[in-house]
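Student: Chain residues, written in single-letter form:
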Amino acid sequence: MSILNGKKVVIIGDRDGVPGPAIADCVKTAGGEPVFSATECFV
Amino acid sequence: MLNAVIKATGYVLAHTPDMVMENGTTQTTEKVVNPNSEYLKQLPSHLRTYEQAVAYLPNQTYIGNMTPDELGEYEQPWYPHTAAKSERFGKFGEIMPEDEFYLLMQACDVFELVYLEENFVAATIEKFKAHPLMREDIIARINSGVSAETVEHFVNEEGAEPLAMNGKTVGYIKRAHDVDGNLSAHVMLENLVSKASNVLAILHLIKNAGIDPADVDYVIDCAEEACGDMNQRGGGNFAKAAAEIAGLSGASGSDVRAFCAAPAHAVIEAASLVKAGTYRNVVVCAGGCTAKLGMNGKDHVKKDMPILEDVIGGFAVLISENDGINPEIDNTVCGRHTVGTGSSPQAVITSLVANPLDKNGLKIPDIDKYAVEMQNPDITKPAGAGDVPAANYKMIAALAVKRGELERKDVATFGNTHGMVGWAPTQGHIPSGVPYLGFAREQLLAGDIEKAMIIGKGSLFLGRMTNLFDGVSFVVRKNSGKHEETAVSDDKIRKMIAEAFRGFAQDMLAEQE
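So the protein sequences, as listed, match chains A and B. As numbered in this note's numbering, the first sequence has no gaps in its residue numbers, which increase by one up to the final residue, 31. As numbered in this note's numbering, the second sequence has no gaps in its residue numbers, which increase by one up to the final residue, 543.
What the hints contain is simulated information worked out from the structure, not anything from laboratory work. The C-beta atom is built at its ideal place from N, Cα and C for all residues, glycine as well. Among the hints, erroneous ones may be present.
[To be verified] Over the 12 Å line for every Cβ pair with chain B, so calculated as not near, a few chain A residues:
(1) I(-9)
(2) V(-3)
(3) R3
(4) I11
(5) D13
[What the hints assert, rightly or not] Dumping the calculated SDA-like pairs for lysine to any residue here, alpha-carbon to alpha-carbon at most 20 Å:
(6) B/K411 / A/A18
(7) B/K393 / B/R366
(8) B/K424 / A/F30
(9) B/K328 / B/P412
(10) B/K157 / B/D167
(11) A/K16 / A/F30
(12) B/K424 / A/C29
(13) B/K411 / A/T17
(14) B/K204 / B/A160
(15) B/K389 / B/K333
(16) B/K393 / B/G370
(17) B/K332 / B/Q106
(18) B/K328 / A/C29
(19) A/K16 / B/G511
(20) B/K481 / B/D388
(21) B/K305 / B/G511
(22) B/K432 / A/K16
(23) A/K16 / B/K332
(24) B/K411 / B/K61
(25) A/K16 / B/Q376
(26) A/K16 / B/K481
(27) B/K121 / B/K204
(28) A/K16 / B/N446
(29) B/K411 / A/S25
(30) B/K61 / B/I241
(31) B/K393 / B/A442
(32) B/K411 / A/K(-4)
(33) B/K411 / B/N446
(34) B/K333 / B/G511
(35) B/K424 / A/K16
(36) B/K328 / A/F30
(37) B/K411 / A/K16
(38) B/K328 / A/E28
(39) B/K424 / A/K(-4)
(40) B/K115 / A/F30
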């Protein structure tokens, strides 16, 4: 049972790490619902 | 067609601590949202002196007085150390103090927008005149100055942007239009800072290249600012504007914009223009940005560190016809993140690194050095953004392991063997792959390395036009010497002329006989 199953998820990705859309795809396959997804550039 | 070569590079910094307070967006936003914050009160005591900024190891590396490997030998954090060679000028460029930089901004202003207080000008002009690269025509662009009352009036009553030294207002930049926000004092200041730091980088480049400025055919500016008015915001052209002041009388130019990826895009375009024979000498260059000054300042102050983002960056690279000596830009090994690539780290690194290598039968470890986002970890680590170059090297190494090109145990050391520590200021496009070109050129010329890959990445999503990320890469390699094989050498020309004269003389003798 995924810990994200049925959960609403806020995603902040990192340009030089894992970007938002990639995390969102993972969240969806784990049964979560991305309600906000953004990628930030910290530099 | 022969590959273009990297003939010379120039790297400059301008130490602008007062602009951290006045123009860095972290601080200007804080002034609006929380004007009485502890951060704003504490910040001034965390600003570095010019001498401290010059002695800072990453800054000395940026201008070429230290190599990235030498920097890597110092224990982090680096800010408590002092560079053994702590000098204003380095083999690539210089670290210009704030007062002289204000004069250079005025020299770069052709619309009477920059005004400096008369006593400040009098106190600084001799230093400016003594600068080894400031030509008479540049110095002649400095005005004698205006009164302190005029400065006060324009800053307080006319919406001008102040220029300060040690917290004291010594000048201003006035708006270029009463209504048009694209020509506001704020925008004009950002653009003139970009232009002035770009001009300084070009001046050093021309000196380092040892060429006649008139021989530059084309200039590509790849900074992150936009210039234009309300009818053509972002119309440009920073490149030609900087070329004019730098004395590149034979050059045209244009701007390339792609966030932090722009320098890598611009080098690929310049190399292609030269290889195609369109131009012989192309300068790729950029000035820096005031907005990013003190960007991570809150974390630096919280951790009782100096504000390390107190310098404006600039760089310039001369890309020329193949001379048979200088390192070549290999156009056949160019990576690009496409619209359909996807955003997972694996997809990104595959598109930028693995795909172009595959096309040329190369493996990831075949590239001796990778230049990624060379941000200084001294700045990013305390702010929670981690060590950006190290993170990028780990991703490249992980992909190499997945492809069976690297042992898993070598992932941890891949960054040391095929990469380097970061030394560039967090000035957006400035750290993006290109800071290594100066060192790469030297290492390739010396035969220390055979191939280097330069990777530029850009955060397109910040412009709110697309969620896409962007990136391109290219390979610089040791000159293959093909120049000598394919072109006619000087010796051959001499031989041909001698033979022609000999034939002519024999014909004359035959006629006389």
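Student: All hints are to be evaluated individually against the structure, with a verdict given for each.
Tutor: Against the structure, the hints:
Its beta-carbon lying about 21 Å from the closest one in chain B, A/I(-9) satisfies the requirement of being farther than 12 Å from that chain. Every CB of chain B is more than 12 Å from the CB of A/V(-3) (nearest about 16 Å), matching its label as outside the interface. Residue placement check: A/R3 does not keep its beta carbon more than 12 Å from all beta carbons of chain B (closest about 5 Å). Remark: the non-interface label on A/I11 conflicts with the geometry, its nearest Cβ contact in chain B lying 9 Å away (cut-off 12 Å).
The beta carbon of A/D13 sits about 8 Å from the closest Cβ of chain B, which is not more than 12 Å, so the claim that it is off the interface is violated. Of the pairs offered as hints, the one joining B/K411 and A/A18 is violated, with about 31 Å between alpha carbons and a cut-off of 20 Å exceeded. Simply put, B/K393 and B/R366 have alpha-carbon atoms about 17 Å apart, close enough for the 20 Å limit, and the pair holds. Restraint check: the Cα-Cα separation between B/K424 and A/F30 comes to about 18 Å, which is no more than 20 Å; the hinted pair holds.
Proximity of B/K328 to B/P412 is assessed by CA-CA distance (about 10 Å); at most 20 Å being required, the pair is judged to hold. For the suggested pair B/K157 and B/D167, the alpha carbons sit about 16 Å apart, so the restraint of at most 20 Å is met. Taken as a hint, the A/K16 and A/F30 pair is broken in the structure, with Cα atoms around 25 Å apart against an allowance of 20 Å. In summary, the hint linking B/K424 to A/C29 is supported, as the alpha carbons are separated by about 18 Å, within the 20 Å threshold.
Taking the CA atoms of B/K411 and A/T17, the gap is about 32 Å. The hint is violated against a cut of 20 Å. Between B/K204 and B/A160 the CA atoms are separated by roughly 28 Å; this puts the pair beyond 20 Å, and the hint is violated. This hinted pair does not check out: B/K389 and B/K333 have alpha carbons roughly 47 Å apart, beyond 20 Å. Proposed proximity of B/K393 and B/G370 is contradicted: the alpha carbons are some 24 Å apart, above 20 Å.
The suggested pairing of B/K332 with B/Q106 holds, with an alpha-carbon distance near 18 Å, which does not exceed 20 Å. Distance hint between B/K328 and A/C29 is fulfilled; the C-alpha atoms sit about 17 Å from each other, no more than 20 Å. Proposed proximity of A/K16 and B/G511 is contradicted: the alpha carbons are some 54 Å apart, above 20 Å. At roughly 15 Å between alpha-carbon atoms, B/K481 and B/D388 fall within 20 Å of each other, so this suggested pair holds.
Between B/K305 and B/G511 the alpha-carbon distance is near 15 Å, which keeps this suggested pair within the 20 Å criterion. A threshold of 20 Å between alpha carbons decides the hint, and for B/K432 with A/K16 the separation of about 25 Å lies outside it, so the pair is violated. At roughly 37 Å between alpha-carbon atoms, A/K16 and B/K332 are farther apart than 20 Å, so this suggested pair is violated. Between the alpha carbons of B/K411 and B/K61 the distance comes to roughly 25 Å, so the proposed pair goes past 20 Å and is violated.
Between A/K16 and B/Q376, the direct Cα distance comes to roughly 19 Å. Compliance with the 20 Å bound is thereby established for this hinted pair. Under the criterion of a C-alpha separation no larger than 20 Å, the hint pairing A/K16 with B/K481 is inconsistent with the structure, at around 41 Å. Between B/K121 and B/K204, the direct Cα distance comes to roughly 36 Å. Violation of the 20 Å bound is thereby established for this hinted pair. Restraint check for A/K16 and B/N446: not satisfied, since their Cα atoms lie roughly 37 Å apart, outside the 20 Å limit.
Annotation: proposed proximity of B/K411 to A/S25 is violated, straight-line Cα distance about 24 Å (limit 20 Å). A C-alpha spacing of about 47 Å is found between B/K61 and B/I241, which places the hinted pair above 20 Å, so the restraint is violated. With a CA separation close to 18 Å, the supplied pair B/K393 and B/A442 stays within the 20 Å bound. Taking the CA atoms of B/K411 and A/K(-4), the gap is about 30 Å. The hint is violated against a cut of 20 Å.
Distance restraint check for B/K411 and B/N446: the Cα-Cα separation of roughly 18 Å lies within the 20 Å cut-off, and the hinted pair is therefore satisfied. Proximity of B/K333 to B/G511 is assessed by CA-CA distance (about 52 Å); at most 20 Å being required, the pair is judged violated. Distance restraint check for B/K424 and A/K16: the Cα-Cα separation of roughly 26 Å exceeds the 20 Å cut-off, and the hinted pair is therefore not satisfied. Restraint check: the Cα-Cα separation between B/K328 and A/F30 comes to about 13 Å, which is no more than 20 Å; the hinted pair holds.
Of the supplied pair hints, the one linking B/K411 and A/K16 is violated, its CA atoms being roughly 31 Å apart against a limit of 20 Å. Pair hint B/K328 plus A/E28 holds up; C-alpha atoms about 18 Å apart against a cutoff of 20 Å. Proximity of B/K424 to A/K(-4) is assessed by CA-CA distance (about 31 Å); at most 20 Å being required, the pair is judged violated. Simply put, B/K115 and A/F30 have alpha-carbon atoms about 31 Å apart, too far for the 20 Å limit, and the pair is violated.
Going down the numbered hints, you'll see the structure goes against 3, 4, 5, 6, 11, 13, 14, 15, 16, 19, 22, 23, 24, 26, 27, 28, 29, 30, 32, 34, 35, 37, 39, 40, while the others check out.
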